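Taken in sequence, the protein lines are chains A and B.
Counting in this note's numbering, the first sequence runs from 15 upward without gaps.
Counting in this note's numbering, the second sequence runs from 15 upward without gaps.
Simulated from the structure, these hints should not be mistaken for lab results.
Keep in mind that this is a model prediction, so the values were computed, not measured.
Hints are supplied without guarantee of correctness; some may be wrong.
Repeated chains share a single entry, so a pair holds when one copy, or any two copies, can fit it.
Stated by the list, open to error - The calculated lysine-lysine pairs, modelled on BS3-like cross-linking and capped at a C-alpha distance of 27 Å, are: (1) K106 to K38; (2) K155 to K206; (3) K36 to K206; (4) K167 to K134; (5) K34 to K196; (6) K36 to K134; (7) K156 to K60; (8) K134 to K60; (9) K144 to K38; (10) K196 to K16; (11) K155 to K60; (12) K134 to K196; (13) K38 to K156; (14) K60 to K196.
Protein chains: 2
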Amino acid sequence: MKLYSANGAPNPDRVTFFLKEKGKMDAVEVVELSLLDGQHRSEDYKKVNELARVPALELDDGTILAESRAICTYLEGIFPEPNLMGDTPLEKAQIEMWDRRVELMLMMSIAGWFRHGHPKAAALEATQSKEWSDLSEAATKKACDYFDSVLSKTPFVAGERFTNADITLFVSMRFGLYMRYKCWEGRPALAKWFESMQARPMGQ
Amino acid sequence: MKLYSANGAPNPDRVTFFLKEKGKMDAVEVVELSLLDGQHRSEDYKKVNELARVPALELDDGTILAESRAICTYLEGIFPEPNLMGDTPLEKAQIEMWDRRVELMLMMSIAGWFRHGHPKAAALEATQSKEWSDLSEAATKKACDYFDSVLSKTPFVAGERFTNADITLFVSMRFGLYMRYKCWEGRPALAKWFESMQARPMGQ
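Work out the full structure: start from the sequences and follow the hints.
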């Protein structure tokens with residue numbers, strides 16, 4: 015399989031970190047694209063993903079999968095161990111619930127802050143809006159407070175064990191660094207959790 | 015099971031339409047909340063979902079599930095027929111890919127347009143941003159063009175059969191009506207598809 019990726023960009027990282035936690039990085043040939051150079055917008059890459067987005071996974075028969083979480087769903091199906099997305103219908107739903115909370119409350123807020131507030135993102139965004147950036151920055155900080163409170167009650171985002179929701183939170187917190195924002199500062203539970211995540215395969 | 019819902023609001027509709035397509039509306043007792051009256055922010059409801067959002071599904075043992083797509087994942091697990099979210103790992107991933115494209119490109123854009131541009135949404139949003147609303151309106155129209163093109167090639171969003179991705183698109187198109195925007199006007203494939211969706215269980 016070929017994984018079209020961009021090291022350090024949040025959505026590609028969700029998939030590579032997922033593979034690292036599965037111990038399956040060697041199952042894919044990584045094709046690295048430079049987003050700042052616009053390589054994802056080349057005519058060649060648009061044949062892979064017409065939406066010009068990374069990541070994309072190309073299966074050996076040429077089938078293309080896009081959208082980070084959907085790619086993880088496929089990888090979970092073909093590499094079931096260690097389980098990262100739940101076993102029973104209830105556990106699957108609970109992990110997805112937490113994964114979505116991280117994505118919708120935190121990751122999307124940082125994305126809005128970055129896309130509309132970072133000088134380098136001007137190349138990716140037709141029009142940057144300071145209002146959007148400012149509101150997203152405030153939402154980011156509120157979401158960090160929330161996940162600090164969540165992690166003061168349970169060792170992992172979705173409860174007692176490491177799951178895909180932890181990967182999404184870890185990626186989001188690193189994404190915050192693009193805005194020089196360290197989500198964990200002044201938030202003890204988030205700080206302790208982040209440190210333990212850095213020691214995992216995905217933190218290497 | 016108890017389903018805390020708000021008829022006509024997009025995320026609750028995703029779950030009720032999913033249940034209607036499963037023929038399982040009778041499996042839940044629906045507890046209707048009025049969002050405009052702030053019933054989702056009552057202390058009683060915050061005991062159900064501390065984030066004060068609908069929908070939420072309360073299982074018979076008191077377990078709470080939130081986040082519309084996660085609730086659907088649970089319902090798919092306990093009511094497998096008709097299959098709406100895929101069977102094999104590949105099909106599950108493909109349907110999720112399309113579901114996410116609809117959600118992230120269209121539904122989120124309409125949500126931004128509504129939250130920041132509709133007078134009644136002022137009660138839900140601390141600060142409305144006209145810039146955010148205008149950019150979201152433009153993104154909505156672009157996304158509608160994209161899904162019109164998708165549906166000019168395949169009968170359903172994710173390909174040859176009806177899936178959860180169609181529910182999300184149907185909900186999104188109805189959500190557009192909050193902004194008096196009829197996504198299907200001037201877009202023949204979207205119009206034809208929308209008409210066929212209205213005739214389904216979820217359209218009743």
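**Prompt:** Quick one: K155 to K60, C-alpha cut-off 27 Å, is that within a copy, between copies, both, or neither?
**Reply:** Intra 35 Å, inter 21 Å, cutoff 27 Å: inter-copy only.
**Request:** With 27 Å as the alpha-carbon cut-off, assign the pair K36 and K206 to within, between, both or neither.
**Result:** So K36 and K206 pass the 27 Å test inside one copy only (23 Å; across, 43 Å).
**Message:** When Cα atoms must be at most 27 Å apart, do K60 and K196 count as within-copy, between-copy, both, or neither?
**Reply:** neither (34 Å within a copy, 29 Å between copies)
**Request:** State whether the alpha carbon distance between K106 and K38 is at most 27 Å within one copy, between copies, both, or neither.
**Result:** both (21 Å within a copy, 20 Å between copies)
**Request:** Classify it for me, K144 with K38: is the Cα-Cα distance of at most 27 Å met within a copy, between copies, both or neither?
**Result:** neither (41 Å within a copy, 46 Å between copies)
**Prompt:** When no copy is named, should K156 and K60 be tagged within, between, both, or neither for a Cα gap of at most 27 Å?
**Reply:** between (37 Å within a copy, 17 Å between copies)
**Asked** Between K34 and K196, at a C-alpha cutoff of 27 Å, which is it: within one copy, between copies, both, or neither?
**Response** within (24 Å within a copy, 44 Å between copies)
**Asked** Is it within, between, both, or neither for K155 and K206, if the alpha carbons may be no more than 27 Å apart?
**Response** Within one copy only: 18 Å inside a chain, 44 Å across chains, cut-off 27 Å.
**Asked** Within a copy, between copies, both or neither: where do K38 and K156 come within 27 Å Cα-Cα?
**Response** Neither. Shortest intra-copy (35 Å) and inter-copy (37 Å) distances fail the 27 Å Cα cut-off.
**Asked** Under a CA distance limit of 27 Å, which applies to K134 and K60: within one copy, between copies, both, or neither?
**Response** Intra 22 Å, inter 40 Å, cutoff 27 Å: intra-copy only.
**Prompt:** How would you classify K36 and K134 at a CA-CA limit of 27 Å: within, between, both, or neither?
**Reply:** neither (33 Å within a copy, 46 Å between copies)
**Request:** At 27 Å max between alpha carbons, let me know whether K134 reaches K196 within a copy, between copies, both or neither.
**Result:** Within one copy only: 19 Å inside a chain, 35 Å across chains, cut-off 27 Å.
In summary, the numbered hints that this structure violates are 4, 6, 9, 10, 13, 14.
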